[in-house]
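Chemist: Chains A and B, in that order, are what the protein sequence lines are.
Residue numbering for the first sequence is 302 to 473, as defined by my numbering.
Residue numbering for the second sequence is 56 to 807, as defined by my numbering.
Incorrect hints may have been included.
[To be verified] In the DSS-like style, the derived pairs of lysine-lysine whose C-alpha atoms are separated by at most 27 Å in a straight line are: (1) B:Lys-702 - A:Lys-452; (2) A:Lys-431 - B:Lys-591; (3) A:Lys-428 - B:Lys-60; (4) B:Lys-648 - A:Lys-431; (5) B:Lys-648 - B:Lys-591.
It should be emphasised that the hints constitute simulated quantities derived from the structure, not laboratory data.
Computed from a prediction, not measured in an experiment: that's the story for all the values here.
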Amino acid sequence: MNAITINGAAYEVADAELELSLMRYLRERRFLRGTKNGCEKGLCGSCTVVVDGKAIRSCRTAMKKVIGSTVLTIEGMEYPDGSLHPIQRAFLDAGAVQCGFCTPGMEMSAYALLLKDQSPDRESIRKAMKGNLCRCTGYQHIVDAVELAGKIMREQGISPEAGCLAAPRKTS
Amino acid sequence: MTMEKAFRNDGYAKVTGRAAYADDYAVAGMLHMVPVYADYVSAKNLTIHCEEASASAGCVRVLTAADVPGQTHFGQIEKDYPILATDRIRSWGDVCALVIAESREAAIAAAALVRIEAEPLKPVLSVQEALDPYAPRVPGYGKSNVVVEHHLRKGDPDAAFASCELVIEEEFNTQTIEQAYMEPESALCVPRSDGVIEVYGSMQHPFSTRRFTAAFLAEPLSNIEVYTIVVGGGFGGKDDTAACVCARAALGARLTGRPVKMTYDREWSFRESYKRHPYTMRYKVGVTSEGRIMAVKATIYANSGAYLSVSPWVTWRSTAQCCGPYSIDNVHADVYALATNTVFNGAMRGFGAPQVNFAIEELIDIVAHELKIHPLGMRRINMVKQDSVTITGQKLDGHTVSMEDVMNRVVHEIGYRKKYEHCSFGKSEGDELYGIGLAISYRGSSLGAEGMDFCSAVINGQFDGSLLLETGIHENGQGSETAMMLILAEALGCDLKRVRYRRSSTSSIPDSGTTVATRGTLMGGSAVMAAVSDFKRLLSEHLAERLRCEPTDVNFHGDKIWGLNYEYNLTWEEAMRELYLQRVTPYAFGTFKAPDVSWDDTNGQGDAYFTYVYSCQAVELTVDRKTGAIKLLNIVAGHDIGKAINKAMVLGQMHGGIAQGIGMALMEDFRFEEGRPLALNFDGYAIPRMTDVPPITGIIIENHDPNSLTGAKGIGEPATELIAPAIANAVFNATGVRVRNLPIKLKPEDLA
Numbered sequence: 302m303n304a305i306t307i308n309g310a311a312y313e314v315a316d317a318e319l320e321l322s323l324m325r326y327l328r329e330r331r332f333l334r335g336t337k338n339g340c341e342k343g344l345c346g347s348c349t350v351v352v353d354g355k356a357i358r359s360c361r362t363a364m365k366k367v368i369g370s371t372v373l374t375i376e377g378m379e380y381p382d383g384s385l386h387p388i389q390r391a392f393l394d395a396g397a398v399q400c401g402f403c404t405p406g407m408e409m410s411a412y413a414l415l416l417k418d419q420s421p422d423r424e425s426i427r428k429a430m431k432g433n434l435c436r437c438t439g440y441q442h443i444v445d446a447v448e449l450a451g452k453i454m455r456e457q458g459i460s461p462e463a464g465c466l467a468a469p470r471k472t473s
Numbered sequence: 056m057t058m059e060k061a062f063r064n065d066g067y068a069k070v071t072g073r074a075a076y077a078d079d080y081a082v083a084g085m086l087h088m089v090p091v092y093a094d095y096v097s098a099k100n101l102t103i104h105c106e107e108a109s110a111s112a113g114c115v116r117v118l119t120a121a122d123v124p125g126q127t128h129f130g131q132i133e134k135d136y137p138i139l140a141t142d143r144i145r146s147w148g149d150v151c152a153l154v155i156a157e158s159r160e161a162a163i164a165a166a167a168l169v170r171i172e173a174e175p176l177k178p179v180l181s182v183q184e185a186l187d188p189y190a191p192r193v194p195g196y197g198k199s200n201v202v203v204e205h206h207l208r209k210g211d212p213d214a215a216f217a218s219c220e221l222v223i224e225e226e227f228n229t230q231t232i233e234q235a236y237m238e239p240e241s242a243l244c245v246p247r248s249d250g251v252i253e254v255y256g257s258m259q260h261p262f263s264t265r266r267f268t269a270a271f272l273a274e275p276l277s278n279i280e281v282y283t284i285v286v287g288g289g290f291g292g293k294d295d296t297a298a299c300v301c302a303r304a305a306l307g308a309r310l311t312g313r314p315v316k317m318t319y320d321r322e323w324s325f326r327e328s329y330k331r332h333p334y335t336m337r338y339k340v341g342v343t344s345e346g347r348i349m350a351v352k353a354t355i356y357a358n359s360g361a362y363l364s365v366s367p368w369v370t371w372r373s374t375a376q377c378c379g380p381y382s383i384d385n386v387h388a389d390v391y392a393l394a395t396n397t398v399f400n401g402a403m404r405g406f407g408a409p410q411v412n413f414a415i416e417e418l419i420d421i422v423a424h425e426l427k428i429h430p431l432g433m434r435r436i437n438m439v440k441q442d443s444v445t446i447t448g449q450k451l452d453g454h455t456v457s458m459e460d461v462m463n464r465v466v467h468e469i470g471y472r473k474k475y476e477h478c479s480f481g482k483s484e485g486d487e488l489y490g491i492g493l494a495i496s497y498r499g500s501s502l503g504a505e506g507m508d509f510c511s512a513v514i515n516g517q518f519d520g521s522l523l524l525e526t527g528i529h530e531n532g533q534g535s536e537t538a539m540m541l542i543l544a545e546a547l548g549c550d551l552k553r554v555r556y557r558r559s560s561t562s563s564i565p566d567s568g569t570t571v572a573t574r575g576t577l578m579g580g581s582a583v584m585a586a587v588s589d590f591k592r593l594l595s596e597h598l599a600e601r602l603r604c605e606p607t608d609v610n611f612h613g614d615k616i617w618g619l620n621y622e623y624n625l626t627w628e629e630a631m632r633e634l635y636l637q638r639v640t641p642y643a644f645g646t647f648k649a650p651d652v653s654w655d656d657t658n659g660q661g662d663a664y665f666t667y668v669y670s671c672q673a674v675e676l677t678v679d680r681k682t683g684a685i686k687l688l689n690i691v692a693g694h695d696i697g698k699a700i701n702k703a704m705v706l707g708q709m710h711g712g713i714a715q716g717i718g719m720a721l722m723e724d725f726r727f728e729e730g731r732p733l734a735l736n737f738d739g740y741a742i743p744r745m746t747d748v749p750p751i752t753g754i755i756i757e758n759h760d761p762n763s764l765t766g767a768k769g770i771g772e773p774a775t776e777l778i779a780p781a782i783a784n785a786v787f788n789a790t791g792v793r794v795r796n797l798p799i800k801l802k803p804e805d806l807a
């Protein structure tokens with residue numbers, strides 16, 4: 302049994318699909334094309350998704366490594382009622398989007414960071430997300446967005462997982 | 056943190072992952088195409104053996120130049136760029152064959168079976184080699200490797216040098232830079248039953264893409280319909296190469312009768328796509344003891360690489376702006392582009408300005424230091440002011456010349472004067488050396504005398520009160536659609552919610568030129584204003600009676616249409632219903648033609664551009680004496696862009712442009728070994744990361760420009776063209792070491 306949970310839904314991965322990268326599986330088999338392919342070498346961060354609460358490069362992750370895992374992609378980040386996740390809202394409001402190609406990966410990295418630390422300072426945001434490349438924004442509005450998202454979630458007392466399609470992580 | 060909430064029409068789609076880029080599209084029956092390269096830098100007598108590849112599993116067809124019904128070679132100026140190579144290979148990026156298969160994997164497998172033979176030729180690998188009269192001749196046209204020359208002649212520099220207190224000569228070199236847009240090239244071409252090929256591509260210029268595609272297929276422009284879809288960054292880079300990707304997929308679609316997708320991986324993108332021209336620049340500058348620049352002689356060489364692309368225009372801008380924003384009476388400049396066998400160079404954000412700005416803004420500081428004049432005073436004495444005459448003989452009188460004000464604002468914001476006194480100049484107690492530096496520039500807006508400059512816009516009012524807007528400007532991520540919507544809503548006094556930007560296609564709106572040269576907001580916005588003017592006139596004529604006033608008294612405000620003295624009003628719903636009943640189409644087509652410019656090729660004199668953007672950027676940094684590591688602390692940027700349409704996006708353009716400039720200053724270097732790129736992905740080619748970019752303070756200066764119908768000019772390129780010399784000047788002020796080559800690499804032994 303090759304089970305995987307993606308955005309709250311359970312899937313059975315075919316044996317022939319085990320050699321695919323998670324990125325290709327998401328894009329080509331699950332049609333989740335918000336996960337982008339920028340370099341396919343794990344160098345640019347455009348393909349970042351959250352696996353079991355951690356941001357990973359889906360282009361360099363083989364399906365067989367994530368069997369049994371819970372995956373959150375950008376498509377699962379917004380709330381099922383269609384309203385935006387605070388991270389998405391913050392990216393919009395802070396003007397952190399230009400061409401948008403890096404945006405899903407950035408939001409995924411921001412999500413994983415805010416899971417660990419709800420009040421990162423700007424320096425730690427930059428350090429935590431330096432693996433995500435952007436050629437348009439110069440990053441400043443992205444740092445603003447992550448800071449803003451953290452602030453909003455702190456103020457509203459909500460965690461990054463709340464409401465979105467990430468299955469709640471099991472706390473050990 | 057306080058901020059105005061930013062608005063983008065495509066923001067929701069982009070933050071939710073819904074935005075579909077070319078590779079995100081798929082249609083039933085779609086085939087996959089991949090390129091085949093040959094491991095030659097320069098070769099002739101190309102022979103391609105496709106039999107084995109054609110017979111491999113899943114392969115549908117292998118295409119070579121013999122299958123091309125139209126022009127195998129095309130280009131924006133010289134038609135020399137092989138969409139498919141014929142007999143001759145001129146660079147390692149040339150595409151020799153195209154493999155079409157049922158799956159991408161099958162196409163890649165078949166591509167490995169294509170055998171290519173050719174006779175290698177001795178390649179020309181640098182400008183220095185290309186200048187050798189005995190060097191092999193690279194281009195297939197013309198008489199030598201000198202493919203472009205521009206000459207500027209004003210006054211008599213040699214006579215003026217004689218009376219100068221100080222005459223210095225310096226050489227500066229800049230590097231090849233990869234565009235590194237995050238989305239590699241991709242195209243999906245779909246043959247339509249009416250004979251049209253639909254193109255969905257990651258390209259920056261739909262009309263340019265259409266020209267390449269139509270020429271390749273030998274079909275009329277009307278047969279090719281290029282749609283606007285979401286594009287993952289352009290920066291000038293998604294023109295020729297991206298257009299060729301579309302043209303190749305279109306040929307596949309035409310010949311197989313099936314939809315064909317061609318998506319590049321990063322390695323192909325790095326291998327084939329055009330870069331920023333590396334420059335070698337020699338300047339001789341003569342200055343009086345008071346710091347007045349009397350004369351400049353400049354000889355500049357750009358490496359065009361294997362193909363011409365837009366090198367004539369890039370180097371033309373370098374010519375017109377070779378002395379920065381300074382008014383100098385005696386200037387001789389000779390600017391050349393040389394053909395070599397490196398991957399070709401073309402349009403990249405800044406377009407010939409970042410290179411010359413690097414030279415001239417360092418020169419100003421070098422001269423100031425020699426003469427013991429303050430760098431700010433040196434600039435103040437020589438910079439253009441209202442009604443100054445530029446080095447091309449243009450009197451700057453048609454707009455506000457705010458160079459001094461822009462510099463003052465940045466100097467004040469960063470505290471330059473005080474901080475300059477604290478620069479280390481190579482001396483410090485510990486290992487940390489501190490420096491602050493700045494640079495100024497002016498940038499001619501839009502195309503200037505390099506090309507035809509006009510643009511159109513359509514307002515298509517709907518009978519329910521909603522409005523469709525389209526323009527000939529293309530959204531590459533910069534936010535042009537949003538800017539056009541904001542301009543329309545403000546001009547019509549209507550709620551932004553009424554306005555939908557209609558993604559245009561090349562068949563829905565006239566060719567409005569390319570979205571380049573920081574012309575989108577200026578030209579597109581002005582076209583929108585021209586359409587607004589007609590639209591308002593039409594509505595006023597037909598609504599005046601209902602509003603019980605004369606047409607000239609009708610006004611548009613607060614999401615309503617009003618009569619004289621705001622006595623009567625109509626909602627947009629009511630107004631559009633009224634037009635419907637009168638059988639009047641609420642539709643307006645507006646065009647804007649750029650104000651006249653002029654240029655005399657013989658002496659490089661003329662009104663090069665109809666207006667200019669004035670800019671200043673300053674940076675603080677430290678240098679570690681032990682390691683030579685440079686750490687940027689803080690950047691302040693000021694730009695007079697006429698008027699800000701969308702403030703958050705203007706600041707975003709500043710930040711992004713500066714980040715690209717930091718890459719140019721400190722890290723990026725696209726190097727070749729024997730004509731082959733050393734790096735084909737981000738592991739060997741570093742672009743700035745979050746940790747490389749310091750906090751940036753953007754200052755928007757707004758002197759509404761009378762040449763633009765909105766008052767707005769633009770920010771895309773000004774933002775990226777001057778932080779490199781500012782950093783170089785700060786490095787000198789920190790270390791006392793003058794760097795003349797980019798990227799800046801300091802060795803600990805230089806700092807001892």
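Chemist: Which of the numbered hints are not met once you compare them with the structure shown?
Modeler: 2 and 4
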